[in-house]
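Asker: Residue strings, one per chain:
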Amino acid sequence: MADIKNSLYNIRLFDELSLKKTPIHNLHPLIKLLTTIFYLVMIVSMGKHEISRLIPFIFYPMLIFVLAELPAYQIIKRLLFIEPLIIGVGILNPLLEQQLIAIGGFEISKGWITFLSIFIKYNLTVTACILLISTTSMLQLSAALRILRVPRVFVLQLLLTYRYISVLIEELFRMYRAYSLRAPQQKGIHKNAWGSFAGHLLLRTIERAQRVYQAMNLRGFSGEYHAKSIKKLNSSDYLYFAGWSLFFVIAKIINIPILIGSLFTGVIK
Amino acid sequence: MHMADALISPIVGGAMLAVSTTVAAHSIKKVQNSLDEKKIPLMGVVGAFVFAAQMINFAIPGTGSSGHIGGGMLLAILLGPHAGFLAMASILLIQALFFGDGGLLAYGCNVLNLGFYTCYIAYPLIFKPLTKKGITINNIFYASIISSLAGLQLGAFSVVLQTLISGKTELSFSTFTLFMQSIHLAIGLVEGLITCAVVTFIWKARPEIIERTNAEEALGSISTRKILIAMVICVIAVGGILSWFASSYPDGLEWAIEKTTGISELEAPEGIHTTLSNIQNNTAFLPDYDFKESSNESLLASDNAGTSVSGIIGGVFTLALIVLIGFVANIFKKRKTKVLA
Amino acid sequence: MFQHKLEVRNLHFSYPHSHEIIKDLSFTVSPGESIGIIGANGAGKSTLLMLIMGVLFSDSGEIMVGDICVTKKTLPLIREKLGMVFQDPDDQLFMPTVYEDAAFGPRNYKLSEKEVENRVLNALEAVGALHLKDKAPFKLSGGEKRIAAIASVLSMQPDILIMDEPTSALDPKSRRKIIKLLNSFTHTKLITSHDLDMIMESCERTIIIDKGQIAADGKTSEILTNSVLLDSCGLELPLSLQNCTVCGSAKV
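One line per chain: the protein sequences are V, R and D, in this order.
With the first letter of the first sequence counted as 1, position 140 gets the number 242 in the numbering used here; the numbers rise by one all the way through.
With the first letter of the second sequence counted as 1, position 196 gets the number 1038 in the numbering used here; the numbers rise by one all the way through.
With the first letter of the third sequence counted as 1, position 25 gets the number 914 in the numbering used here; the numbers rise by one all the way through.
Hints may be right or wrong, so weigh each one.
[Unchecked claim] No more than 20 Å apart at the CA atoms, straight line, and that leaves these computed lysine-lysine pairs for PhoX-like:
#, chain 1, residue 1, chain 2, residue 2
1, R, K1178, V, K123
2, D, K1028, D, K1062
3, V, K122, R, K880
4, V, K330, D, K1022
5, D, K1028, V, K333
Read the hints as simulated data drawn from the structure, not as lab findings.
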């Protein structure tokens, strides 16, 4: 039940956020998509023991949070929901990689470094995706996909799936409630009801699909989807992409924290 | 079993994205050729159904726990392999964006692991032959369970390979494989049972829905062969690129194999640092020597404790700097909005 | 502008493996007329609408829109002239925002983006929903969804509006709003409903369908006050005409 509510909340939250009007929201969706992908590639290309080089990359999500006026608290809360997943994946590392290494006088297992690295990467990559969808609506994103020559059929299908997720989740939620009110002791759907519970929803779904098809047809649909046309790329879009790319590349090549750190220790000495 | 961005390397992510795009292009062509535009809303809405159905907790008898459906097989059975694959691809994209399940770079991996093996291997090669002689309750039972198991086993093995080739986490091939395959044996069984229950229900209530898809000349022998050939070519190409990388620099792949065979264990203790710096070098994104030179000073590769201390101090300062800029930007932003208001 | 009349002649229809659901229906709708179609559940109202829209095709008989007969070939032409509002707005609002949904139809007719925008904004303004333009359908209330669904049909600039249960599942205020809206349209209207009070307010003519046949066709004021007729067709007097539930005093 919590799952159902939670995902509905997720979709609504991001949908609402994506309608804001800030300089970030006004950027071309294609630029935001490409910047996100470039960011992800840079993060993902870091070695498995890399930590220091990852730190400057926190700059990107933070600035977007501020400039796009996003509620950091709410989004981070969403992030915490999925944290157990990555801890599950990464936690084996400290056990498997037991070579000790010394860091500033402390000795720890190398696996912890790997774990920390995965942990940071995971949070940064997931945040980047969430930031993309909180600043770009599904509609704009699909327009960007059309520019990238993703076929109409897929884009329309994607939009329909997105649209009907909330309708079906609501329907499911009502069914679940009706079920659990009459089966208070149960943890999930009993095996005797598996087929009919999901099946009924599915049948209704298929009937709905037919009506949706009729509604589309009555308004002249003939298998072609005409996407929203969006504004052309302008200089601020290019500048945004170039700016971030430059930063990412620099942060990747030059280890900024080490540089700052050695400057600092140098001064003390 | 969604693959996360954090666990893959860009090469693996890119290669898998290329492969899944090829498959998607093929299925889009098939869906468009069948000229059945009725299927488009059906794909969208049934895709949304599977998304919602993934949230249903099914109580697993005798265990006290509950499981949920993945839906790949269900999509294939309801929509046919091409439309099913596309619907799965949509679901995965929305999950990656809104829920952090898998990521944009790992998108190709996930489409392949969850969509391809179910729709293009398990469905045409297992489910269809088993229900060829006519659909019965027994047929549905065996076909759903065997095909779900096979689809998930293939997907799980694919996850193992993608993770190990990427080399972002330390796992030995044998342990990881054993772990993944056995866990997915259980998951596959549950998935198969749920799929069977749902398909049986639909078949009893509206037999034409299942029969229509099943009767479709879904995968002619030619196109299956074509797909398999395309896959083999892709695998060879990807393998070729990877082995080229591996031979130039003993990175991910080789390193993973090294680990699993235990060869690296033979290294003398003083070799740890060299191994570390090797790893450091080899995980750099571009095979560029200058690139790597600079990485020598990174936190772990360095021999002297001084650098690691400065690394920690530097890290803290960088963070502080970022937060500071954030605050300043925030104040600036607020003022601007006030002025505008 | 709305010069098309709608003619239904000797219509017969049955679903496969089922009894005849429409038996020899005939009626004519003149331009600008507003007609209520009422009848018990399963009487064949929705099937009739589907036949008129060309979603289903009759076994015999014909439907004429202006001088065009509804056939597979003429569908694009017919559907430009007829606009149908579905009972469940969630079936009709399938795009991510209200604007996109209203633009879906015009774009399918390959209009320029300028013209599309014009039509969408006009349609939204006509129903007083300009402020909902960028909203996602799942954020709308039941009443707002209904209004948005009507706008998505108006943007096609149809001559004839066909509505299936426009006031079902609405709160009293939203219902009132929809009724006012319907009455403000000058289109030819065909409305099916169980909300007989709404039919009283919105339609000057009423057709009762009973078991696939026309049981009555005439002035709303006469039909909806005939309790014997209504009762024989599985209906009741409109609530506003029924005896007072507190004191039992008669109104008719």
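Asker: Now tell me if each hint is right for this structure.
Answerer: Hints, one by one, checked against the model:
Proposed proximity of K1178 (chain R) and K123 (chain V) is supported: the alpha carbons are some 14 Å apart, at most 20 Å. Simply put, K1028 (chain D) and K1062 (chain D) have alpha-carbon atoms about 19 Å apart, close enough for the 20 Å limit, and the pair holds. Distance check on the hinted pair: K122 (chain V) and K880 (chain R) sit about 35 Å apart at the alpha-carbon level, beyond 20 Å; violated. With a C-alpha separation of about 14 Å, the suggested pair K330 (chain V) and K1022 (chain D) falls inside the 20 Å cut-off, and the hint holds.
Straight-line distance between C-alpha atoms of K1028 (chain D) and K333 (chain V) comes to about 26 Å, which puts the hinted pair past the 20 Å bound.
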